[in-house]
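Colleague: Listed below are the residues making up each chain.
There are 2 protein chains.
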Amino acid sequence: MAEITLYHYWRSSASWRVRWALEYKKIPHVKIHVNLLAAEEKSPDFLAVNPAGYLPALVVDGHVLAESLAIIEWLDENESTSSPALLPKDTFMRAKVRQLAETINSGTQPLQNLDVMKRISSDTEVQGQWVTHWITRGLGVYEKILSSLPVKKFSVSDEPTMADLCLIPQVYSANRFKVDMNQFPRCKAIYEYALTTPACAQSVPELFQPAPTK
Amino acid sequence: MAEITLYHYWRSSASWRVRWALEYKKIPHVKIHVNLLAAEEKSPDFLAVNPAGYLPALVVDGHVLAESLAIIEWLDENESTSSPALLPKDTFMRAKVRQLAETINSGTQPLQNLDVMKRISSDTEVQGQWVTHWITRGLGVYEKILSSLPVKKFSVSDEPTMADLCLIPQVYSANRFKVDMNQFPRCKAIYEYALTTPACAQSVPELFQPAPTK
Chain Y
2 MAEITLYHYW
12 RSSASWRVRW
22 ALEYKKIPHV
32 KIHVNLLAAE
42 EKSPDFLAVN
52 PAGYLPALVV
62 DGHVLAESLA
72 IIEWLDENES
82 TSSPALLPKD
92 TFMRAKVRQL
102 AETINSGTQP
112 LQNLDVMKRI
122 SSDTEVQGQW
132 VTHWITRGLG
142 VYEKILSSLP
152 VKKFSVSDEP
162 TMADLCLIPQ
172 VYSANRFKVD
182 MNQFPRCKAI
192 YEYALTTPAC
202 AQSVPELFQP
212 APTK
Chain U
2 MAEITLYHYW
12 RSSASWRVRW
22 ALEYKKIPHV
32 KIHVNLLAAE
42 EKSPDFLAVN
52 PAGYLPALVV
62 DGHVLAESLA
72 IIEWLDENES
82 TSSPALLPKD
92 TFMRAKVRQL
102 AETINSGTQP
112 LQNLDVMKRI
122 SSDTEVQGQW
132 VTHWITRGLG
142 VYEKILSSLP
152 VKKFSVSDEP
162 TMADLCLIPQ
172 VYSANRFKVD
182 MNQFPRCKAI
192 YEYALTTPAC
202 AQSVPELFQP
212 APTK
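Chains as they are written, first to last, in this note's numbering: chain Y, 2 to 215; chain U, 2 to 215.
Derived from the structure by calculation, the hints contain no laboratory data. Everything hinted at is true.
It does not matter which identical chain is used: a pair holds within one copy or between any two.
Here are the simulated BS3-like pairs of lysine-lysine, each with C-alpha atoms no more than 25 Å apart in a straight line:
(1) Lys90 <-> Lys145
(2) Lys145 <-> Lys43
(3) Lys26 <-> Lys90
(4) Lys119 <-> Lys145
(5) Lys32 <-> Lys43
The following block holds chain Y by itself, in its conformation from the complex (with noise of 0.2 Å):
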């Protein structure tokens, strides 16, 4: 069995997704705690491992894989690890899984980010008016895509898929900002349902969270 060591950071909806899957798949592995506050991803530490400079990083015998999404690709081609799988089968499903974990990847969590957030404005109350704005815009596209599909547990099966990985963390992101989850009930169900299956309520970024130094 290779090797396997997470970098992530408590609260990074990135980390979280990673955190989920390798759980779902029960894939031993080390965990190392990257300190985003005390920008501890830029230390020469971190940079040895991975020279991009973010989270989360997975490091298999030495490869460096970054980007959740890559990661959790790589997880369920990569035959040791890819059961259960986080992919459907069937490629026109497999395309609607990508393409709903883009809806969030690419298309909401990028505009919430930290760096991005302290670019747009020093005051909190600027910085949760444009947060509130994207992830209003991202979970209706994706309630949107969801509006197309059979009604499951997960978004389009009754057990998770890359697509719930990158939704679960963003809607716990959307309740920390206050955005009313009442707009997008079929996410705001998937997200309740998830957080009752052990896989997912074993990765809660609270479980993480490191004791306050004195």
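Given chain Y, work out where chain U should sit, using these hints.
Modeller: This is chain U only, laid out in the frame that chain Y set:
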């Protein structure tokens, strides 16, 4: 052979990615231009095709595919359109290609799209500063990742991959915003070479610019 229609906009970088993929794989298809400047992507006609209301969209025998990377992955997975491949065979190299692609797709492009720029400011100078900042950061990360890979004609090999399909339209956009590409010599060299290859040259924006209305 499936009936394939591409809905695209001449200057959308995500549209260019898919035009290039179709050209490279020599896939017969019909192109329909959707004018974003006239908000045609929100028209009832287009919403009937893609209710999510964005470009590009590829309709294959009635199935609607959206999000450029999901479309490219589908083309590579579907037997009749898989060759020539846009993702390498080795799983670690596939992960690298996807990381590079996401560096542009989620790390750079979302911050320069039209809706975001309009929300930043109505002042084109302020918009320009915003865009220049994020393109410079994004291409900096891309160049950094390239520096860990052997020099090839394209990002990871002498043939284009999904990574290059993202990179080239992004460099085109960097040039539009007068970002100094000498900071990113490998990205610049790949861009210049790519434009000499037929499939890339036949998918450049200018070839699809609609004639001005009188």
